[in-house]
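Participant: These protein sequences, in sequence, are chains H and X.
Quick note on numbering: the first sequence equals residues 249 to 652 in our numbering.
Quick note on numbering: the second sequence equals residues 42 to 330 in our numbering.
I should point out that these hints are in silico values taken from the structure, not numbers from a laboratory.
Here a beta-carbon is modelled for each residue, glycine too, at the ideal position from N, C-alpha and C.
A few of these clues could be false.
[Said to hold, decoys possible] Okay, the calculated bits of chain H under chain X, using three or more residues with CB under 8 Å as the criterion:
| id | segment |
| --- | --- |
| 1 | 261 to 274 |
| 2 | 314 to 328 |
| 3 | 332 to 342 |
| 4 | 582 to 594 |
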Amino acid sequence: MPSIPITALQPGMVAAQDVATPEGRVLLRREGVVEPWHIQLFAGLNIAAVEVAEAGDHTRRLEEAAAYVLEFFAFVNPDSRPMIELYTYVAELVATRLEKGWQLPSLAERLAENVEHLADVFPMEIVEPRRIVAHESELASFPDTYRKLREEIDSPRASVQSLSALVSQDISLSAKLLKLVNSPLYGYPEPVESIERAISLVGTKELSTLALGVTAIDYFQGIPPELVDMRAFWRHSIFCGILAKILAQSLGEEQVERFFIAGLLHDVGRLILFKKMPYASTEALLYARTNSVPIVEAERTTFEFTHTDVSTHLLDQWKFPEHLSNLINFHHDPLAAPAPKLAAIIHAADVFANAVQIAGGSLYLLPPFNDEAWNLLQFPKDMVRRIMAEFEIQGEQIVQAIFN
Amino acid sequence: MALTEMLSLRKNVAITDAEFKQLRDFIYSKSGIWVDDKRKYLFENRFASRLSALGLRTFGDYIKLLTLDPKRDQELRHVFELVTTNETSFFRDTKQLDGVKANILVPLLAAQRKQNQLELRIWCAGCSSGEEPYTLSIMLHEILGAELSRWRILITAIDLSPAMVAKCKEGVYLDYAFKTTPEAIKAKYFTKTPAGHRILPSVARLVRFEAMNLNDAAALKRIPKSHLVFCRNVIIYFDDAMKINVINAFYDNILPGGHLVLGHSESMHRISRVFQPKVLSGSMAYQKA
Numbered sequence: 249m250p251s252i253p254i255t256a257l258q259p260g261m262v263a264a265q266d267v268a269t270p271e272g273r274v275l276l277r278r279e280g281v282v283e284p285w286h287i288q289l290f291a292g293l294n295i296a297a298v299e300v301a302e303a304g305d306h307t308r309r310l311e312e313a314a315a316y317v318l319e320f321f322a323f324v325n326p327d328s329r330p331m332i333e334l335y336t337y338v339a340e341l342v343a344t345r346l347e348k349g350w351q352l353p354s355l356a357e358r359l360a361e362n363v364e365h366l367a368d369v370f371p372m373e374i375v376e377p378r379r380i381v382a383h384e385s386e387l388a389s390f391p392d393t394y395r396k397l398r399e400e401i402d403s404p405r406a407s408v409q410s411l412s413a414l415v416s417q418d419i420s421l422s423a424k425l426l427k428l429v430n431s432p433l434y435g436y437p438e439p440v441e442s443i444e445r446a447i448s449l450v451g452t453k454e455l456s457t458l459a460l461g462v463t464a465i466d467y468f469q470g471i472p473p474e475l476v477d478m479r480a481f482w483r484h485s486i487f488c489g490i491l492a493k494i495l496a497q498s499l500g501e502e503q504v505e506r507f508f509i510a511g512l513l514h515d516v517g518r519l520i521l522f523k524k525m526p527y528a529s530t531e532a533l534l535y536a537r538t539n540s541v542p543i544v545e546a547e548r549t550t551f552e553f554t555h556t557d558v559s560t561h562l563l564d565q566w567k568f569p570e571h572l573s574n575l576i577n578f579h580h581d582p583l584a585a586p587a588p589k590l591a592a593i594i595h596a597a598d599v600f601a602n603a604v605q606i607a608g609g610s611l612y613l614l615p616p617f618n619d620e621a622w623n624l625l626q627f628p629k630d631m632v633r634r635i636m637a638e639f640e641i642q643g644e645q646i647v648q649a650i651f652n
Numbered sequence: 042m043a044l045t046e047m048l049s050l051r052k053n054v055a056i057t058d059a060e061f062k063q064l065r066d067f068i069y070s071k072s073g074i075w076v077d078d079k080r081k082y083l084f085e086n087r088f089a090s091r092l093s094a095l096g097l098r099t100f101g102d103y104i105k106l107l108t109l110d111p112k113r114d115q116e117l118r119h120v121f122e123l124v125t126t127n128e129t130s131f132f133r134d135t136k137q138l139d140g141v142k143a144n145i146l147v148p149l150l151a152a153q154r155k156q157n158q159l160e161l162r163i164w165c166a167g168c169s170s171g172e173e174p175y176t177l178s179i180m181l182h183e184i185l186g187a188e189l190s191r192w193r194i195l196i197t198a199i200d201l202s203p204a205m206v207a208k209c210k211e212g213v214y215l216d217y218a219f220k221t222t223p224e225a226i227k228a229k230y231f232t233k234t235p236a237g238h239r240i241l242p243s244v245a246r247l248v249r250f251e252a253m254n255l256n257d258a259a260a261l262k263r264i265p266k267s268h269l270v271f272c273r274n275v276i277i278y279f280d281d282a283m284k285i286n287v288i289n290a291f292y293d294n295i296l297p298g299g300h301l302v303l304g305h306s307e308s309m310h311r312i313s314r315v316f317q318p319k320v321l322s323g324s325m326a327y328q329k330a
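Can you make the complete structure from the sequences, with help from the hints?
Facilitator: Next comes the structure, spelled out in structure tokens:
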């Protein structure tokens, strides 16, 4: 808090203490901004010096944050209104984290781990999405619970009781479903303690969509931890799911679970790539970092296909409902989807979720953002900020509900 | 905390579609490096610093400078630095190198010995900051041991960027360059200096560096005929036409029975069939019949 002699006082400086005459008459309140006429007044009253606030720590941090965050936006149109809103939001988020003591990732953290011991299942000469998925399906099939659940829902005898009896057989699934239903995703005022109650509140179709998502998450175990931080992976996926749900709700869409689950699973193709082609996946991640391109572009360069080409085959193999698969498979190319507007929701949610993760230490550029797809949603001007504000309220709690 | 004003994502003058195409085509004609349309904004961003350093207002002015200015060759160096990126480390892709050692290098050295021709020539095309040619030199030291002094070995290493070639010749590396390197190798072939780890002169002696463009067919013809060509993570930046040119240049350079090794993510079957693919354990090599 420097004391500035009156001769050096500049308009725009902020008073750190009340400025008063020796008699105690306050001329400028603490935190007041110095105006040109104040300087004349102080000089006239023989005030020798004024205590001013440090040239805002926050402003400086915001500048640091803005410069850091800018790099992550190198692949989006700098004149896109929603991206400008998102950039401003994330720069503030990073500045706030810096104020709380967070350090920007160091160079060492930004460089890859040694993964020389990992080996791919296929040589790059012959790798293609269909082959990768076929290899995966030979080794493991999609858990049975979901198929049984679908059959039960489709059967004319289905009831809340018969469904809840079926779900309750899978203890891990029931526990996770209850956590989700009790999370801010639904925001029921009273705790929901039984599956039966959950089904009657949420609805059978909706619950089966949730069950599908939870089952798919459980399916993926044993990805090399040095290749990808699975917690960070699912965190991004959950964030994407929540943001997709919030966007869908704002549009008045029904059955918003499907957007949550599609967001949750939007990158499953990448998990299969990690599993089958770990060394090549690392090459793609390295390429992304050193060439400043989003991961999806690095995949296109190194594999000559992307994770959505893999998920297209995988979800087909798993017999996922088509409306859900389409949301997932077209999240990088929403305008090509059978329902572009719905795919645009996951598309935007993915970009927003990636942006949030910049303040969590993510090292990868935002994927390309399709303004034309965003315009299909016909949101008002400051929508990104509103979405993010709502996300802040729910995000962390839902992550906790799923992880713990 | 809510900022009422929006920050600006635009820190520099916009590149028009026409200017982007001109700059992209210029870079392609000079280096064979193909810049996809998706990278337009990235490009705009990366070249902004050159524009401001040169005091230019538009990308059009920059393109004029690159094509018409008497000092255009100097600026071309900066262009190359901006479009090529260098991610490498000593003994990167260990599995591939082990495969090359067991299936290519050791049998080749044995065959040369048998014919009493104690000579070997390797070409590293796109050597970046030098880790790869030095790795190959270290591998040969490990295989040949004391016998090495009787061999005539030449590793010709080229890179597009004169700045990179200068760094190669300096031969000093920070810890990051060793992330895929066994400690024992690092201790045996490098000396610690205040600036970093310096490659031993005996290892450096086998390598000759030169700034050269893979797009320059005449220059490539000057490279001595090779038993083995390494070109890892380079053709990934090229379009198919340029890939084919470069692969043909390698084919011309390689001695009969010699091999070409590409990067882990790079494959050839879609673009050219002049070489015979050979599966090494965990990787591929391409042999000239």
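Participant: Hint by hint, note whether the structure agrees.
Facilitator: Going down the list of hints, with the structure as the test:
{"no.": "1", "hint": "261 to 274", "in the structure": "violated (count 0)"}
{"no.": "2", "hint": "314 to 328", "in the structure": "holds (count 10)"}
{"no.": "3", "hint": "332 to 342", "in the structure": "holds (count 6)"}
{"no.": "4", "hint": "582 to 594", "in the structure": "violated (count 0)"}
Consistency note: the structure conflicts with the earlier hints numbered 1 and 4.
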